[in-house]
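Keeping the supplied structure of chain A fixed, place chains B and C upon it in accordance with the hints.
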Amino acid sequence: MSGFAPAGDPVIPDYGQASNCVIDNGVFCTDWFADQWSSVFWPPLVDHIYMVLIAVTIGFVVAFTAALIAYRKRWLAGPIGIAATFLYTLPPLALFQLLVPFTGLTLLTVEIALVCFTLVIIFQAVLAGLAAVPDDVKRAAVGMGLDTNQLMRRVELPLALPSIISGLRIATVLTVSVATIAAFVVDSGLGSPILKAVSSPFNTQFIAAGALAVLLAFVLDGLLVLLGRILTPWTRVRV
Amino acid sequence: MTDTATATSATSARTSSTSAETNSSIVFDNVTKTYPGQSAKALDSLSIEVKSGELVCLVGPSGGGKTTALQLVNRLVDLSRGEIRIGDTNIMDLSPIELRRTIGYAIQQSGLFPHCTVAENIATVPSILKWDRKRIEERTKQLLELVGLTPVDAWLKRYPGQLSGGQQQRVGIARALAADPPVMLMDEPFGALDPITRMAVQDEFLEIHRAVGKTTLFVTHDIDEAIKMADRIAILKPGGLLAQYDTPAEVLANPADDFVAEFLGAERGLKRLALTTVAEVLGRSRARADDAESRRAPMSSPPEDRVDWPVVAGTMTLREALSLVSAAHSHGARVMDGDRHLGDVTLHELVCPPATAVDARGTAGVRS
Amino acid sequence: MDVVVGAFPFMVANLSLLLEKAGEHLLISLIPLLAAILIGVPVGVWLGHIHRGEFLAVSITNIGRALPSLALIAILIGMVGIGMLNAMIALFLLAFPPILSYAFQAVNSVDADLTRAARGMGLGSFQVLMKVELPLGLPMIISGIRTAAVLTVSSATIATIAGSGGLGDVILNQVAYGMEGVVAAALWVAVLAILIDQFFVLLLTLASPAGVKHLRRASVAV
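In order, the protein sequence lines correspond to chains A, B and C. When we follow my numbering, the leftmost residue of the first sequence carries the number 436, and every step to the right adds one. When we follow my numbering, the leftmost residue of the second sequence carries the number 8, and every step to the right adds one. When we follow my numbering, the leftmost residue of the third sequence carries the number 269, and every step to the right adds one.
Please note: incorrect hints may appear among the correct ones.
Here are the simulated DSSO-like pairs of lysine-lysine, each with C-alpha atoms no more than 27 Å apart in a straight line [as the list claims (entries may be wrong)]:
(1) A:K573 x B:K148
(2) B:K164 x B:K148
(3) B:K137 x B:K164
(4) B:K278 x A:K573
(5) B:K137 x A:K573
(6) A:K573 x B:K48
(7) B:K244 x B:K278
(8) A:K573 x A:K508
(9) B:K278 x B:K48
(10) B:K141 x B:K164
(11) B:K278 x B:K137
(12) B:K148 x B:K137
The set of hints was computed from the structure by calculation and includes no laboratory data.
Chain A with its partners taken away, still in its complex shape:
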């Protein structure tokens, strides 16, 4: 786990014959990127996607359940919120390292930490969405004889959807970014090509991996926007 301090001069990785761009350590060497795509970038990208999807899914299930409980039992909202905020405030790297003694240098460690970061965002989004359901709509629903579950399923949850989706979007984008740090624990994800290139500051590898992470974040964000549009058709109609 040591030795990340870089050496003075760029050490060009020996990936066979090098172009001028690679020898000069240019900002971005397209030819090299294309050559190395399938070996250096594609596998970490796939790992990264898995890592993020698992974390967001578990985080969603946990935070969503917690938010529903906190919504029913208002006094729990404070303590749960504080606990979630606390986890969110911990620096990712510190949280990873604090988990290592318990779960080792494993994917489990990474996922636990990533889930912790998604919790507070999704929890608050669900709770805020539920709290924002207009009172007159709830009163009408209760007055018509909907019971608590019907109220939740038919009225409160659908109306909270826009807020829930926006929470999911933020959580997903953040997780994509934080998951790069997982490379300090396991050799996986887009952080791994970056860390490997640190000791020999090779620009193309940093920039390509960083750009892929940003791109992945935007693609997943876009997919969630699309999902939101499909699930909430009423938000787009105006006279």
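Below, chains B and C alone, put in the same frame as chain A:
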């Protein structure tokens, strides 16, 4: 086309209703409500009976407990003391959920579900009552026709966000009527509408009410709305005390105390004139006097001195006709029904209508 | 488990090391934070005041959120070289987006009726800003700074790969300090982040005008 459709659906809505035959009165028996943590009573020993098919308005200033009284009926608020019965059933004998499904409920801003289409909104209660799809569909269309949103197919798939305030309110009423409840509770349903839309929706609702005959408890802070809509008015004063419970005519003619008189305002006399139509006055005075002049040929031209009298419709209220007469600086108005001349009313008849005319609606209101 | 227990004797034995590293840590996080505040708040407030640049603010937030700090630091190693400067530039770039966009939103979202009423009473543009928009927007501006502060303290841990010092030096050097040292430093960073966060929560409470305390619900800022 629209009219016949409305009429048909109104009839069928009535046929399916049981309210006309069975007792669906709402009885408040010495009802008191005190909210926890408040020393003042929100409602103090209220005892009134809303008879089957009657429309009763609860009016009063804020803090008079009118909304509380309404929400006690569908148990959105729990009673402190006393008893409320719908028909022969004490409301405490049913679970709140069961009870609410048998009561139509419409509120200000309509409370429509923004994420549901018009059709889905109306189908809310039928669908939790597990009606089959076809029946729900038929009922939805029938109700949209009833509230005048035609052609029905153009409205079914819209979202509340695409409707005007008046249209939303109509859907709200249709939704309240969906499961054909014998009793309707309406909490300032037209409070958020602009005056012109409000008048139109009031007229439509009155028509619907006459057609379907639901026992209706209607909360409003607008005394003019109450005078226009109600068979009887219950006026509540701060502290939740009942100040007066009577027909609009009686309330206006004989306010029970200073509070009621003040609440009705200085225009009480004029408001009273809003209870009678020109045609009613014409009928009374003609029946009484039976003079030759009133049998005049329908198309005859007016006498010299009445040429500049304004023309009014028989359905206008005395108050409206008086306003026109005043504006025209005339001494009376000519009453027309389309092309047909029904007769003339003089300024004196407008201001001091024959007694029977004013009483007409009052007595009709109490169907005892 | 033993490792975690062992972290505490390590703290006692190496207090001066941890204090020195924590000092460095604060230095490399707070200087860029201060710079980002000095530039981001005025620019964001001004853009919000003239209601321009919504697209810019939103885009900057999105990109800022998606940009992995690790990648940013690594890229700057290539461009700036190693050392504290690199780390500070990277942390500045991370702190700037939330500060700018919160400051923008804070002022931009002040109820238009209020500013219209203020102008109607004869307040000039600058007076509207000072008397209405800033007092009302202050809690949200501080929320943005709070987000940025936690983010910089967090990311400063990673900046150690650029040779900037700080507690990250210990966390990432198990060979020299052992697992006890790693855990001890991780705990210190965690506590540091929480303290900074709580400091801003306190500031938020103090800064909220009495009439708008409920606005503090802006809470965890992302």
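Status of the hints after comparison with the structure:
no.: 1; hint: A:K573 x B:K148; result: 25 Å, holds
no.: 2; hint: B:K164 x B:K148; result: 12 Å, holds
no.: 3; hint: B:K137 x B:K164; result: 21 Å, holds
no.: 4; hint: B:K278 x A:K573; result: 37 Å, violated
no.: 5; hint: B:K137 x A:K573; result: 21 Å, holds
no.: 6; hint: A:K573 x B:K48; result: 26 Å, holds
no.: 7; hint: B:K244 x B:K278; result: 20 Å, holds
no.: 8; hint: A:K573 x A:K508; result: 17 Å, holds
no.: 9; hint: B:K278 x B:K48; result: 31 Å, violated
no.: 10; hint: B:K141 x B:K164; result: 16 Å, holds
no.: 11; hint: B:K278 x B:K137; result: 47 Å, violated
no.: 12; hint: B:K148 x B:K137; result: 18 Å, holds
Violated hints for the displayed structure, listed by number in ascending order: 4, 9, 11.
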